[in-house]
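Q: Going line by line, the protein sequences match chains A and B.
So that you can map any letter, position 278 of the first sequence is 278 in UniProt numbering, and since no number is skipped, the others follow by simple counting.
So that you can map any letter, position 177 of the second sequence is 177 in UniProt numbering, and since no number is skipped, the others follow by simple counting.
No wet-lab data here; the hints were simulated from the structure.
Every residue gets a Cβ at the ideal spot worked out from N, C-alpha and C, and that includes glycine.
Be aware that a few hints might be false.
To be verified - If you want the footprint, here are the derived chain A segments under chain B, 3+ residues with CB under 8 Å:
# : stretch
1 : 51-59
2 : 62-73
3 : 117-124
4 : 221-234
5 : 323-334
To be verified - Only part of the chain B face toward chain A is listed, based on derived beta-carbon distances under 8 Å:
# : residue
6 : Thr57
7 : His136
8 : Gly325
Number of protein chains: 2
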Amino acid sequence: MPDAGNDKQSSAPRRGFPDQEFVNRTTRAQALMEAQGLDALLLTTEPEVRYFSGFLTQFWQSPTRPWFLILPKQGKPVAVIPAIGKECMARTWVEDIRTWSSPAPDDEGVSLLAATLLELVGPNGAVGLPEGPETHLRMPLGDYRILLEWLPGIAIQDASAILRSLRQVKSEAEIEKIAYICDLVSGVFEDLPGLLHQGMSEIEIFRRFKIECLKRGADDVAYLVGGAGPGGYGDIISPPSNRPVAAGDILILDTGSIFDGYFCDFDRNYAFGHASDAVKRAYAAVYEATEAGLAAAKPGASCSEVFAAMQDVMDRAGAMGNDVGRLGHGLGMQLTEWPSNRPGDETRLEPGMILTLEPGMTFEPGHVMVHEENIVIRPDGAHLLTRRAAAEIPIIR
Amino acid sequence: MPDAGNDKQSSAPRRGFPDQEFVNRTTRAQALMEAQGLDALLLTTEPEVRYFSGFLTQFWQSPTRPWFLILPKQGKPVAVIPAIGKECMARTWVEDIRTWSSPAPDDEGVSLLAATLLELVGPNGAVGLPEGPETHLRMPLGDYRILLEWLPGIAIQDASAILRSLRQVKSEAEIEKIAYICDLVSGVFEDLPGLLHQGMSEIEIFRRFKIECLKRGADDVAYLVGGAGPGGYGDIISPPSNRPVAAGDILILDTGSIFDGYFCDFDRNYAFGHASDAVKRAYAAVYEATEAGLAAAKPGASCSEVFAAMQDVMDRAGAMGNDVGRLGHGLGMQLTEWPSNRPGDETRLEPGMILTLEPGMTFEPGHVMVHEENIVIRPDGAHLLTRRAAAEIPIIR
């Protein structure tokens, strides 16, 4: 095998961001913080810390150490992190980096965090913490309780809305990274019929797909789910099995592959040998539902309207419901981000938002058909970042 | 390229576990719960839920939906999960599966969870929640607060110690999975000098390594960090760069690759063209430190003693410290698990524990040398799961 492709030899976007990207994010956040009366944001999860710092490392997979980033109401963010991360953080635009020697389960950064917060916001400051839907606190709950005891005058407020409104509108530099991984993986999906054949197991198929994505320049295939079954599949979140695929099987692969910390999230369907009329009709229905979603996803439209446009097509095609609870979602530094295309989500689309359109329906008992494309909202409407799925289900001979 | 290896054609362990594995885990947990006076455990993170259920999916990467598993003081665990996971959970040994349609940010499973807890433990029950070091609560903090308001009589207690004591001793079936991925990746590392050459960028090297692991049967290379630099490297957690490696560079790759939900975690070092005497001495020192760790890691020894055995060798070799804060850690369903080989960790080694031995030292300003092997503790001492690193640093011509 020749060497895997190098960024330098391809059309890959430049890695990282100019500092101005972080200036913009910080400035926008600080304006929203001022409106909410917050003296600082306290951030603990990978995407939140990375969003304001550029700190990119897989080291988050170790649960041992918490990492903290404090965004004061003025100036750059302040990092309160384990010493092992100092050199990596020092390469970002962050200048004020405070470290403790970790692991230290008796005081895992808590006293350093408390002292830093006290210095930045005073004893009675208002600190924003993401506490709402789709968030969590990535530090031990016991340590959080100690922090609050040590800072009795600090008022914690939910800051989810600030993070959400910032992150759901992407910069052109972010869009470029997502567009790149979407296009790259689209090519893999298009060429997949030539790489797969009957008799391969699901495990082999998943492996072949991952290798092809890596060869073409994906950094990681962090998320790959799917499955195959005779006449259709019923479960889209399980890992692959050792079962060999055979004529009549319908296969779905749904991937979140990554370039420079940014995800694509879309799927493709294939039939081995042949597809039943029921499968072809279901494929056509979700294809048409996607078309309706593309037409509906204009600036000013709500996510619930985008949902309704897609669901209407599937209802008319005899959809028996689905268990996903939404027909697409935001996308970016995480596989799924706010908002959701579902009834009740009245988020208005704005230029710069990146969404998945993910119509799915049960077309006969136990058999689901799910399509997914990734789009960016522009002033004139939705632009595809993925290359559109084939209009008819591809047959793998 | 021929098809990637299939589990069926190799020596891969059987995937999943017999139900008895979960019976054993549950029974042991319930004995510890009784000793602590707990009526149930409430679990929210991927490894905790998987440990008692066998629920394996990459779907956790989406932050949208919380997942709950309740382990009552008697009987099987009860799953309280989004409907999208019902079919996948139904394949496990769990029988009582309660679902809600998600996303539903106005009530993201909170009322169903509250009702289920109330039913299982009563209005004044004692519920164990992991709140200690290396844990977090994977649900929105705001929802957790609502849950507590709705269940005012429930007493929450820290259950970290229960989870820790169970998970740190592995079953033979768990050991088999970890041994398999350790051996597989050892082979990749051994063959790496034939796959790399000067002029490749770090990004290309990482990509080549990942593809080789996948081809040989790894499910995922979920964690790969490292780097190369002239005469040594200084940062072991950053992503790779576009810089081409050149004669005199020292390269480290540190991987957490996965088979069936279980990790290896070890590294290897290489020199391009030649290695300085300082590098060779540092390599020899950490190699000898690992030998000392292997000799010290016997049942009954403490993690701090294992640390001291390794640190002593490096101190005598002129180590200038390191920023890692420990010289190895537990390993299993996560890249790093409790305990840590560090001063103050008095955890006593027991047969069935799996640990990394990870001596690292700064050998000259800005240059670190880190070795890592994976071991299982047996009645007669440490057994290597990784194939031992070369006694001298391999040279890539």
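Q: Now, for every hint given, state plainly whether the structure supports it.
A: Against the structure, the hints:
no.	hint	in the structure
1	51-59	holds (count 4)
2	62-73	holds (count 3)
3	117-124	violated (count 0)
4	221-234	holds (count 6)
5	323-334	holds (count 6)
6	Thr57	5 Å, holds
7	His136	5 Å, holds
8	Gly325	5 Å, holds
The earlier numbered hint that this structure contradicts is number 3, and it is the only one.
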